[in-house]
Each structure stands twice: as C-alpha cells, then as structure tokens.
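**Q** Heads up: the protein sequence lines correspond to chains A and B, in order.
Taking the numbering used here, the leading residue of the first sequence gets 1, the next gets one more, and so forth.
Taking the numbering used here, the leading residue of the second sequence gets 346, the next gets one more, and so forth.
Hints in this document: simulated from the structure, not taken from any laboratory.
Everything numeric in this text was worked out from a predicted model, so none of it was measured.
Treat the hints with care, as some may be off.
Claimed, not checked - Taking lysine-lysine and the DSSO-like style, the derived pairs with C-alpha atoms no more than 27 Å apart in a straight line are:
| hint | chain 1 | residue 1 | chain 2 | residue 2 |
| --- | --- | --- | --- | --- |
| 1 | A | Lys168 | A | Lys131 |
| 2 | A | Lys108 | B | Lys480 |
| 3 | B | Lys480 | B | Lys582 |
| 4 | B | Lys535 | A | Lys131 |
| 5 | A | Lys113 | B | Lys535 |
| 6 | A | Lys105 | B | Lys480 |
Given next are the chains, with one letter for each unit.
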Amino acid sequence: MAGVTISGVRKVYAGGIEAVKGIDLDVPDGAFCVLVGPSGCGKSTLLRLVAGLETLSAGDISIGGRLVNDREPAERDIAMVFQNYALYPHMSVYDNLAYGLRNRKTPKDEIDKRVREAARMLEISDYLTRKPRELSGGQRQRVAMGRAIVRRPQVFLFDEPLSNLDAKLRVSMRVEIRRLQRSLATTAIYVTHDQLEAMTLADLLVVMNGGRIEQIGAPLDVYRRPQTTFVAAFIGAPAMNLMAASPSEAERFGGAATIGVRPEHLAFAAAGTAPPDGGLAFQLTVAAVERLGPESLVYGHDGMGRDLVVRRSGEDDPPIGAQIALVAEREHLHRFDAAGERLPV
Amino acid sequence: MVEHSRFRTVTAHAILWIGIAIVAFPVYMAFIGSTHEASVIANGQMPLTPGPLFVENYYRTIFIGSSGSTREPVSTMLLNSLVMALSIACGKIAISIISAYAIVYFRFPFRMTAFWIIFVTLMLPVEVRIYPTYKIAADLHLLDSYAGLALPLIASATATLLFRQFFMTVPDELVEASRIDGAGPFRFFKDTLLPLSRTNMAALFVILFIYGWNQYLWPLLITTRDDMQTIVIGIRKMITTADALTEWQIVMATAMLAMLPPVAVVVVMQRLFVRGLVETEK
C-alpha cells in the first residue's frame, strides 16, 4: 500500500501540444482520488503517465516513495482498468485474470487461489471458463476489475471505466468500485468526465482544466467553495448560476465580477421582498420548467437578462411566463474576480 | 425485397446447376480418361463412362510413372509439390507476420521506408526478377533443392500488408494491458497477437498453399533432376513426348492427383478461411 506523489509533471507531445502543464499532486495512501474535467483537459494523459504508458517530459512520479520515472508499467506495481476493458479476447475469464500473475512467475496454486478469491468478490465465479465475448458489458467490466484486483497492486488506476455501461449499471458499479476499494484499502486514481461519479467516489477530488489543476479538495469542500468559476460551473448539476455582476452589485460585493449561486440556494419569496442582509433578490421570468419527479428545475431570466436555474421540490411549479421573486442568502453567494478566481468573503 | 416464388427458385437452381456442370465436366472427363487404356483416348473415342483400369492406371501413376519422359513415379512429384507448397505457405506466413509486427508495433528509424520497400515488391513478382533470382539461387547452390524451390518465393508483400491491416485494428489498450501485465514484446506477440491472428493465418494459408502448389515457371527453371520435379512440371513433361504415344491415361490420373491436395486444403479449411476473411475477433 502506498501513496502517489506527482511533482512538476509535464507532458509535451511530439506535435508540440502540451497536454499536461505542470502538475503537483499528492495522493495519500489508501485514498480514492478522482481526476475530473472536460475532455482534453489532460486527465487521461496524467493517468497514463502514472501508469508508465506515456513518458514524462518533465517532473517526477513516485509510487510508495519509490521514484518510478523510468520504470516500465509492469515494474510500477500498478493495475489499470481501461474504458473498453481491454480483455484478451481469446482467453477465458480465468486466463484473463491469471495472465499478469503467470508473467510474474507466481506459483500456480497461489494464482488459482487469488483468481478464485477475486472472482468470488466480483461474483463472476460462474463465468471463469467463458470468453469475454460471451459476457455482458457489466460482466466484462467486472472481469477487468478482477484483473486489477488479483495483482494486489499498490495503486489502482481507472480510466473512465464506467462510460461504456448503461446508466443503471453505472450506478451499481460505482457503488461496487467504492466498496471494493475501501475493503482492499488500496490507493486509487480514477479518471472521469462525469462530475456525479467524481462527487460520489472521491476522497480527494481533483478538478482539471486545460492541462492544469483547478482545485484539489474533498468533494463537498470543492462543491461548497469552488475556487474558480470553472470549478463552480463544472461541479454540480444543474450547474451553478454564474451572473455577471451589475455595477451596484460589484460595489456591494467587494468588486466581484461574477456572482454565483447554486440552483438549490435560490428560494421563492413573496413579490417585492427586500434582499436579505448581504444577500440578493431577483425577479425571475419563467421560461421553462423541467419536472424530474422529486424536484423541478425552473429556468428563466432576471430583469437584466441573466439566465437562472432554480431547483425546488416539485409541488407547485410556476406557469411559463410567470414573474417570481427569488432571494439568495449571503452565505450562499460565491464571489469571483474578473480572472475567475474566488474572492474571500 | 426478394420474393421466394417457385419459378424464381427453380430458375436460380437451374442456372447454378448449369454453372456447376460447365465447371465439373472437364474434371469428369479427366477422371474418365484416367480409367481407360491409352489407345481409347488416342483414338479420339472418348467414352462418357468409367473404364475398367482405374486401379491399374492409378497404381502405375503413383508408384511407377510414365514409361516415357519423366521416369519418376508421381508420388515423388506429389511429395516435391507438397514440400514446396507447404514451405512457401508456412514461410510466407512466418516472415510476413513478423515483419508486420515490426512495422506496426515498433518505432525504429526508417520504419516507413522499410514498409514502402516491402510494399514496392508487390510490383516485382518472380516472373519480373527471374534472371537475378536465378543467378542468386545458383550462386548459393540452391538448384535442385527444396530450399531453392521455396525460398525465393517466400518473401511476400501481400501477406505483410494483410497482417499489418489486421494488427492496426487491434486496440491499443490490449498492448497497454499486456505491458501492465508484465508481458514484453515477445510475450505479447506469442500470447495475444498470434492467437488473434489465427483465422487470418488460416485464410492466408489456403491462398498461399494453392499459390505454391500451382507454381510453374520457377520450378521449371530451378529443377533439372527428375526426382526434384513438381507435379505441375511433371504433367507438362508427360504430355510432350517426342516419338511415343502420349500416355493420356497416366496424364489424366496425374492431373486428378494434382488436384486433390489443394481441394483437400480448401475443404478442410473452408470454415476458417471464410471466418478469416469476413470476421474479426476482437
């Protein structure tokens, strides 16, 4: 068991494209670290650098305190789960699981023990003799996980492992991955573009954008105190309302250029309600309502033409075109400067 | 929409049967010819029913040979042809799968140059480079040997290209998963790439075996000894007899025998062959 230390890591591709622009990250032993960001933000490249599938352009990567910059992937004591599973199509499930161990000259009975144990954990014991093409997507996913588990590596690396599954399976596998990682207490680095997956899985959430880290923190800290407008917009669904501040608002909120408020923090109020102390009041013209069942999303714009989303329990949805007064409390407002950085309250 | 009316089915079947008859009739005639006496064919009275000499003619063909030109039993020729066709097919597959592996999976200087050089040899079949190839074979003392028969025909651009195309469809993640599983280049080749190429290899084997079996010009040049000649050459030599009667029944029996191994290969490997051409197992 070991942590992963990434310092000053850069990756420049042959074409001169810089995919990773100087990243420092410390993943503690046993932590579940999720790298999240839009496509092309360098998260997969970073993961592949840790795996050793790409060579570093600069910086150092240590796994368990051991510098692994020039180590082959097999020598790094990591295991990786790929997006398309990358199972060996001609081998049975058993052989898929055992292959890595055989290459390491593990004794036969030890291999058998570990394969059966992993299969039991993942509930694929009945499929051990089948070929991957005879399995469903979810079962293949389990085999891919099993291949990582039998190796008992120091670090699990996941490259968007759930994105090929349907929505329902994705949720159950998500829970399962978390459970497995906890019970094995193995450090994990997990790449995804799905912020929901990121929020639910992570101990340590790393939001990336354009080859850089935007914010590192516990998921709820990142959600509650996004450090940049990018993080504010990326984490949370529907996204935080980010409004260009009017001159008077800018004056009231310490020179903020952008004011953010989460959809669930906008409350309906009686018409003409004054803004609460240090808070904001809006007049919303309803443009659309999405009824999700337990809650509704009310879309509209305020008097200055700024788009807003309000989340509320779906009991009495306002009709389209209605005028609604909204208030937001002071502690729910997020202030960002012109560069998109969070301003201290 | 295809309508399954009775008329259409009957017509389609009739056309197919006519086609089969056109293809099969000469083969049938050859078989008939191989069961009669030489004089029957020489007289120009080709019968349509098998004659009485089936066992005798085939026995003579296989173990004794024609009395005139070739002086070798056909079994020797069959063996020669078999060795040549198998060496060519296996050699070509081995060489091309290795070179395709190098070209697709390794980054070495002049990789693309190497690829294009292989590609260009598509335009240089044996017939074009016959003199230099013969000279080299002669200088290496390969005349009248199995090596001489097979080696110059082994290098193959087509097979290399086919494997290259196939390898490029193998997902990169498989290579990466193998690397993480601790499989080096050789292991990856042996444990993953070779099993995945199985159907492709089978399809190629069928094509290349027949290619090798049907070789004419090269064996004609490279072999002078009777005990090294291939069956295709043997048939030709039997037909051109100077002052004697052509032993047509022997010629026909030889032709029938020459046809059997390629047919057997196709029949046995047909399923794999079709799979190799249409299906990719990934």
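**Q** Indicate, hint by hint, whether the structure satisfies it.
**A** Now for the hints, and whether the structure bears them out:
1. This hinted pair checks out: A:Lys168 and A:Lys131 have alpha carbons roughly 24 Å apart, not beyond 27 Å.
2. Restraint check: the Cα-Cα separation between A:Lys108 and B:Lys480 comes to about 55 Å, which exceeds 27 Å; the hinted pair is violated.
3. A C-alpha spacing of about 24 Å is found between B:Lys480 and B:Lys582, which places the hinted pair at or below 27 Å, so the restraint holds.
4. Of the supplied pair hints, the one linking B:Lys535 and A:Lys131 holds, its CA atoms being roughly 19 Å apart against a limit of 27 Å.
5. Simply put, A:Lys113 and B:Lys535 have alpha-carbon atoms about 26 Å apart, close enough for the 27 Å limit, and the pair holds.
6. The hinted pair formed by A:Lys105 and B:Lys480 fails the criterion: a straight-line CA distance of about 51 Å is larger than 27 Å.
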